[in-house]
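Top line first, the protein sequences correspond to chains Y and B. The number in my numbering is simply the position in the first sequence, starting from 1, with 6 added. The number in my numbering is simply the position in the second sequence, starting from 1, with 451 added.
The hints are simulated quantities; they were obtained by calculation from the structure and are not laboratory data. Incorrect hints may appear among the rest.
Pairwise CB distance ranges, derived in the manner of DEER restraints [claimed, not checked]:
{"hint": "1", "chain 1": "B", "residue 1": "T467", "chain 2": "Y", "residue 2": "E70", "range": "35 to 41 Å"}
{"hint": "2", "chain 1": "Y", "residue 1": "A214", "chain 2": "B", "residue 2": "D514", "range": "53 to 59 Å"}
{"hint": "3", "chain 1": "B", "residue 1": "A544", "chain 2": "Y", "residue 2": "R57", "range": "47 to 53 Å"}
{"hint": "4", "chain 1": "Y", "residue 1": "R373", "chain 2": "B", "residue 2": "G480", "range": "31 to 37 Å"}
{"hint": "5", "chain 1": "B", "residue 1": "G529", "chain 2": "Y", "residue 2": "L225", "range": "50 to 56 Å"}
One side of the interface only, derived from the structure: several residues of chain B facing chain Y at Cβ under 10 Å [unchecked claim]:
{"hint": "6", "residue": "Y485"}
{"hint": "7", "residue": "R486"}
{"hint": "8", "residue": "A488"}
{"hint": "9", "residue": "G501"}
{"hint": "10", "residue": "S503"}
{"hint": "11", "residue": "L508"}
{"hint": "12", "residue": "E513"}
{"hint": "13", "residue": "D514"}
{"hint": "14", "residue": "G515"}
{"hint": "15", "residue": "W521"}
{"hint": "16", "residue": "T536"}
None of these values were measured; they are calculated from a predicted model. Every residue gets a Cβ at the ideal spot worked out from N, C-alpha and C, and that includes glycine.
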Amino acid sequence: MKDTTEDLERLESEVKDHGHSERDLDWSRDAYFRLLLSQVQSSPAQGEVRRAAEAARGSAQSLEQLHGEPGVWAEATVHRWLRENPERFIRHRGETENTWSLRSALWGIPAVAAGMSFLFALFTVIPGWGPDQMSLGWILVPGAIAVPIILLHAVYSSTLGRRGNLRAVAAAVVVVAVSAVVIAVVAMATQDVLLPQGVPWIWIATGAWTLLAVVAWQLAQRIPGSGAHDDLGLPRRVHTAEEPVDDRTWADQFRSALFHRRVLKDSDVDRAVHEALTHAQQSSNLAVEEFGSPWDYAHALAEDPVVRPRRMTLFTGALAAAWTVLFAAQLVEGLGMDEVPVLESVFRAGMLLLFLGATISSARDWRRAARLKTERTRG
Amino acid sequence: MGSAAGQQWPAAWSRTALPTAILAVLRGGPRHGYRLATELEGRGFGRPRGGSLYPLLGRLEEDGLIASTWEPGQTGPGRRTYRLTAQGTAQLAQERAQWAALVTALTADAATEHDDGPVTTGAQGEGP
Numbered sequence: 007m008k009d010t011t012e013d014l015e016r017l018e019s020e021v022k023d024h025g026h027s028e029r030d031l032d033w034s035r036d037a038y039f040r041l042l043l044s045q046v047q048s049s050p051a052q053g054e055v056r057r058a059a060e061a062a063r064g065s066a067q068s069l070e071q072l073h074g075e076p077g078v079w080a081e082a083t084v085h086r087w088l089r090e091n092p093e094r095f096i097r098h099r100g101e102t103e104n105t106w107s108l109r110s111a112l113w114g115i116p117a118v119a120a121g122m123s124f125l126f127a128l129f130t131v132i133p134g135w136g137p138d139q140m141s142l143g144w145i146l147v148p149g150a151i152a153v154p155i156i157l158l159h160a161v162y163s164s165t166l167g168r169r170g171n172l173r174a175v176a177a178a179v180v181v182v183a184v185s186a187v188v189i190a191v192v193a194m195a196t197q198d199v200l201l202p203q204g205v206p207w208i209w210i211a212t213g214a215w216t217l218l219a220v221v222a223w224q225l226a227q228r229i230p231g232s233g234a235h236d237d238l239g240l241p242r243r244v245h246t247a248e249e250p251v252d253d254r255t256w257a258d259q260f261r262s263a264l265f266h267r268r269v270l271k272d273s274d275v276d277r278a279v280h281e282a283l284t285h286a287q288q289s290s291n292l293a294v295e296e297f298g299s300p301w302d303y304a305h306a307l308a309e310d311p312v313v314r315p316r317r318m319t320l321f322t323g324a325l326a327a328a329w330t331v332l333f334a335a336q337l338v339e340g341l342g343m344d345e346v347p348v349l350e351s352v353f354r355a356g357m358l359l360l361f362l363g364a365t366i367s368s369a370r371d372w373r374r375a376a377r378l379k380t381e382r383t384r385g
Numbered sequence: 452m453g454s455a456a457g458q459q460w461p462a463a464w465s466r467t468a469l470p471t472a473i474l475a476v477l478r479g480g481p482r483h484g485y486r487l488a489t490e491l492e493g494r495g496f497g498r499p500r501g502g503s504l505y506p507l508l509g510r511l512e513e514d515g516l517i518a519s520t521w522e523p524g525q526t527g528p529g530r531r532t533y534r535l536t537a538q539g540t541a542q543l544a545q546e547r548a549q550w551a552a553l554v555t556a557l558t559a560d561a562a563t564e565h566d567d568g569p570v571t572t573g574a575q576g577e578g579p
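Could you build the full structure based on these sequences and the hints that come with them?
Right, dumping it as C-alpha cells:
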C-alpha cells in the first residue's frame, strides 16, 4: 500500500524548489489536505495542486491571487471531479460495502424483485412445489422481499461506518424482524386473491419486474448526481470551504474507513484512532499531515487475522440455526400429515447441512488464526 | 548500529534500513510509536511520519519480529507499546551481520581485473 505522506513531501519539495513563498507553501498544503479529506486519491490531489502552483508561477501571481482561498479552490475542484473524473476518488472495492443511494435503490429494488420472481417461477416448475392456483401474493411478495433486502444492506452499511460492526448487526436484525412481519402481512393479505388459471402469471410478473428495473435504471441516469452519494460506492463527503482542516474530520473518516474494512474489532478501531491522534498531537502536526489520506492509511494498517473468520463463523452459525428451526418446524408439521413433502424436506435438510459445514469450516479457520496470533504475541 | 549524533543519512538508505533500525531501537526496550520515531530521528533516519511508521510496525508484527501490547491509560484506550520478540532479536543479529559485511565490501580498496593484465590494486607501485 502506497505511503501517501510521500506525496506531501514531494509536493512541498516542488513548491519550495520553485521559489514559492511561505504563503504559497501554506496554500498548497491546505489545498492538498482538503482534497484528501474529500476522499481524493493522493496522487491526483498532489498533481492538481502542483499544476495550480505552475499556473501561478506562469502568471507571476501568488496562489491565492490566482486561485482564491484554498478551501474554495479545493471544493470547486472536488465538485468538478465528481462530475467529470470520479476515478480520482478513493475506491477500495474489495473491502468496502457498497452503499445504496436513493438513485440506485430506484432500480435496485425492481431488479432484486425480478430475481426473486424468477426463483419463484422456477419453484412452480418443480412438481409439488408451486401453488395449485396462482395468487396475487406470488406476484407481489418478490417486491415486498426486495425492499428489505436493499434496506438491510443500506442500514448495515450506513450504521457500520458510523457506529461499528456490533451496532450495524443490531440494526440489521431489527430491519430483518420488522421486514419479516411486513412480508407476512402482505402475503396473508394477498394469498387468497386468486388469479384466473391458464395464464403464466408468475412469468408475466417476472417480465414486468424486469421491465420496471430497466425503465427505472434509465430514469435514474437522468437524475443529476447529488455529489453526496455515488451509485454503489462509498458515500462521498465533500469537505466544504467553511470547514476547518482539523483532526476531528480526519479521525471521523479514519474510523469510518476502518469500520468499513471489517478487519479489526470495534474496540481496536477506537484504539487505532486514539493512537494516531496521540501521535499527531505529540508531533505537533495535523493528523492529515502526519498520516495522509485517512482512507489510504486505514487500508495500510495490518488486519487482525482473527476477526474475519470469527465473524464468518457467527454469521454462518446464525444461518445454520435458522435452517435448523425451519427443518424442525417442518418435521413437526409433517407428523400429523398423511403425505410428507419429501422434496421440501430434502431441500431444508440440505440447506441446514450446507450452513453447518460452512460454520465448521469457518470455526476451524478461526481457531487456526487465533492460535497463530497467540504464538505471534508470545514471541 | 553505532550512534550517529547530528548525522542525517540519505533518504534512500534510511528507507532501506528502517526496518532494521526499528529492531535495533527496540533492542533497548519496549517503546510506543512516537518515542520510536524520535529515537530513529536521533539515529539519523529522520523522523518517519506516522503514515509510514505504523504500517511498517504492523508488517514487522505480522512477521513475528515484534509484538505489541496495549497499556491501560488513566483515560481513553491507553497506549500501545512495541517490543522485540525472540525471533526479532535473531533477525536483528542476522541483519546487523549482513550490514557489517556490506560496509566491509564497500570500504575495501577496489580490486580491478583487466583482460590484458594482472589484478592491480590502487596506483601501480604503491602499497595499500
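Comparing the hints with the structure gives:
1. T467(B) with E70(Y): 35 to 41 Å: holds, 40 Å
2. A214(Y) with D514(B): 53 to 59 Å: About 57 Å separates the Cβ atoms of A214(Y) and D514(B), which means 53 to 59 Å holds.
3. A544(B) with R57(Y): 47 to 53 Å: 49 Å Cβ-Cβ, so the 47 to 53 Å window holds.
4. R373(Y) with G480(B): 31 to 37 Å: Holds, at about 34 Å.
5. G529(B) with L225(Y): 50 to 56 Å: The hint (50 to 56 Å, Cβ to Cβ) holds, given that G529(B) and L225(Y) are roughly 53 Å apart.
6. Y485: holds, 4 Å
7. R486: holds, 9 Å
8. A488: holds, 8 Å
9. G501: Given a least distance of 4 Å, the restraint on G501(B) holds.
10. S503: holds, 5 Å
11. L508: holds, 9 Å
12. E513: It holds, given that the least Cβ distance between E513(B) and chain Y is near 5 Å, below 10 Å.
13. D514: holds, 9 Å
14. G515: Check passed: Cβ of G515(B) comes within 5 Å of chain Y, closer than 10 Å.
15. W521: Because about 6 Å separates W521(B) from the closest Cβ in chain Y, which is inside the 10 Å limit, the hint holds.
16. T536: holds, 3 Å
Figure legend: structure checked against the earlier numbered hints; every hint is met.
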